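Make a model of the complete structure from these sequences and hints.
Below, each chain spelled out in residue letters.
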Amino acid sequence: MSVELGLIIPVSHRMDDLGAILDLVRTGLEATGRTYEILFVLDGERPDRLEVARKLAAGSKGVRVLSLARAFGEGAALRAGVRSTTAPILMTHPAYFQVDGEVIPKLVEALDDGAEVAFASRLPTKESLSNRIQRWAFNAAIRKALWVRYRDVACGVRAIRRDVLDELSVHGSFHRFLPVLATIKGFQVREVDARQHEQATHRRVYSPTTYLLRLLDLVNVFFLLRFTQKPLRFFGLVGGALFAVGFAICLYLSILKVFVGAQLGERPLLLLGVLLVVLGFQTLALGLLGELVTFVQSSPSKGPPIREVLRRGSTVDDSEEPELSATVDEKPL
Amino acid sequence: MSDSVATSAVDTKGWDLSIVVPLHNEEENVGRLHPRIVAACDPLGVRYEAIYVDDGSTDGTWAELRKLNGGAGEIVCAQLARNSGQTPAMAAGFRLARGRIVVSMDGDLQNDPADIPRLLEKCDEGYDLVCGWRKNRQDKLISRKIPSKCANWLIRKVTGVQVHDYGCSLKAYRRPLVQRMRLYSDMHRFLPFISQMSGARVTELPVNHAPRIYGTTKYGIGRTWKVLFDLITLKMLVHYSSRSLFWFFGLAIVPLMLSAGFMITTVVGGIENAVVLFGCGIAFGTLGVFMLFLGLLSGILLGSDRREFEHLIVREHGHPAEAPA
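Those protein sequences? They're chains A and B, same order as listed.
The opening residue of the first sequence carries number 66 in our numbering; numbering runs sequentially from there.
The opening residue of the second sequence carries number 2 in our numbering; numbering runs sequentially from there.
The set of hints was computed from the structure by calculation and includes no laboratory data.
Remember, predicted model here, so these are calculated numbers, not experimental data.
Careful, some of the hints might be misleading.
When the alpha-carbon atoms are kept at most 30 Å apart in a straight line, the in silico DSSO-like pairs for lysine-lysine are as follows [claimed, not checked]:
1. B/LYS136 to A/LYS250
2. B/LYS136 to B/LYS158
3. A/LYS209 to B/LYS227
4. A/LYS250 to A/LYS209
5. B/LYS227 to A/LYS250
6. B/LYS150 to B/LYS123
If you want it as structure tokens, here you go:
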């Protein structure tokens with residue numbers, strides 16, 4: 066039996082009462098009036114969590130439980146969920162409270178209305194100051210680095226069409242940036258306002274490692290989006306600049322040596338110049354290696370996905386009215 | 002022979018000519034361009050198709066394309082799912098092309114379809130690629146023509162392919178060539194060079210050029226630094242991808258020699274102030290070794306290239322009636 070909506074709940078480090086979460090999403094999904102299934106994907110097989118999730122699945126229809134044999138992270142759990150459902154519309158909800166369930170039908174409506182990705186965005190609430198600062202910083206960083214304007218892309222309540230997800234290669238922990246990735250790739254993305262859930266307002270503090278990981282993710286996304294096709298443009302610019310500075314220093318010292326007769330062995334500046342030249346050259350060479358990777362991955366038959374092809378027959382062959390042939394949906398390559 | 006070409010599923014029998022026009026926000030030009038293509042191609046008496054690729058336009062380009070009509074040829078309109086850039090849009094058009102000869106041109110009315118018959122003639126003289134050359138270019142001098150002249154000179158020097166005008170979109174190819182080339186990113190500027198990589202015979206032909214009347218140009222002076230880096234890449238890919246270790250070895254020689262020079266100076270000049278000079282020697286030495294290791298790594302990469310020789314044109318001899326494929 067195939068269902069219309071597949072809602073995936075990845076259960077990783079942070080979780081609230083799964084029973085309450087299930088009630089919340091179920092109410093939202095019922096309001097859409099469509100067939101659905103709910104997948105709990107456990108990141109790692111912790112017996113206590115498995116027990117809880119199994120009980121939930123046994124007690125209600127349309128709920129499935131999956132588990133990753135080892136903890137691979139939230140992104141891996143999401144992908145496992147996506148693979149095991151056949152629903153054409155995929156939704157995600159975190160394993161903790163974020164927004165009210167009434168946003169779920171609104172997200173589905175947004176997709177019906179032509180959007181390819183829709184995500185809930187939390188309206189400002191009376192949350193603790195530290196939470197608000199964290200969220201503001203995350204979204205501001207995205208605005209600055211990726212030039213995409215949304216109020217709140219960090220919310221984990223989202224809906225996306227399956228074919229769109231297939232085309233966006235979301236790996237690692239990039240699911241956090243899904244609306245941003247989709248926007249930059251040119252998909253129709255819609256931000257849907259949602260009231261924050263009353264239990265989601267408690268104060269959150271993460272370990273410094275978590276913040277560092279987020280920052281590195283952001284750098285990674287920025288680089289991949291801008292330079293995957295042309296790595297030398299990035300490495301070349303950086304390496305070229307380093308090389309130029311180093312070369313200028315060496316040139317200056319050479320002039321001193323020739324015309325003033327300075328002893329270069331006494332000038333540590335020479336070492337700096339040489340090291341900059343070396344670093345610049347290495348950076349350039351890494352860029353070339355990157356270009357080789359891109360070239361090897363390219364192929365003569367590769368091209369962007371074509372949405373629609375219309376053919377109007379030549380008037381030589383037939384005298385019929387020019388007609389529009391059936392649209393061809395080509396698979397993204 | 003061309004079974005490996007992905008579009009072989011498309012019926013290609015009996016098609017003589019495909020005209021590929023990538024379009025991005027050209028609503029005013031589309032309706033004017035098509036009649037001119039028809040006027041140029043109908044008298045040829047060949048079976049042709051005009052392929053318009055709408056590259057994610059945000060204006061009425063697609064609506065205009067749906068209205069297109071007339072002419073003896075078939076009209077093929079393809080809409081890309083989203084804006085992908087000129088080269089990918091062109092690649093999408095090439096993928097759909099069925100003609101024995103494929104002509105690419107801009108959709109901004111600056112290229113003149115009346116040149117198409119002459120391009121075909123030249124192609125039939127035995128060339129795989131005929132490049133248009135805008136001898137009397139009608140663009141702004143400072144922002145377009147001078148940067149273009151410089152870029153063309155640089156590309157000619159580096160690649161050794163003697164074509165005057167790399168930027169002109171009006172070109173004619175034999176279809177096996179376009180469907181073998183690896184087109185991605187901004188590669189269209191270097192098509193003559195990439196074609197040469199496939200072993201193609203390349204020539205050029207002066208073509209007409211008109212000033213832009215409708216719509217806005219999508220180019221500016223800000224892309225020149227990109228051309229420079231793309232050129233370095235292509236130089237490496239074309240000449241050295243089959244022996245990359247050799248190429249990286251070439252990059253390693255200079256630093257290794259500098260390293261030796263510094264070290265000898267240190268030894269000969271005595272150990273006073275040896276730290277700086279010897280340090281420089283070590284720095285260059287590590288660079289040389291690093292380059293060699295990168296060369297080895299690139300060997301692994303290229304070894305994983307399953308399509309290594311797919312872009313090569315292979316001609317079969319002894320069947321003079323057949324077009325080279």
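Are B/LYS136 and B/LYS158 close enough, with their CA atoms no more than 30 Å apart?
-> Within the cut-off at roughly 19 Å; holds.
Pair hint outcome, A/LYS250 versus A/LYS209 [Cα-Cα no greater than 30 Å] | holds (17 Å)
Restraint status (C-alpha distance of B/LYS227 to A/LYS250 at most 30 Å) = holds (21 Å)
Pairwise hint evaluation, B/LYS123 against B/LYS150, where the allowed Cα distance is 30 Å at most | holds (25 Å)
Agreement of B/LYS136 and A/LYS250 with the hint, judged by alpha carbon distance not exceeding 30 Å | Not OK: B/LYS136 and A/LYS250 at ~38 Å, beyond 30 Å, violated.
Straight-line alpha-carbon gap A/LYS209 to B/LYS227, limit 30 Å = holds (23 Å)
Checked against the numbered hints given earlier, the structure breaks only hint 1 and satisfies all the rest.
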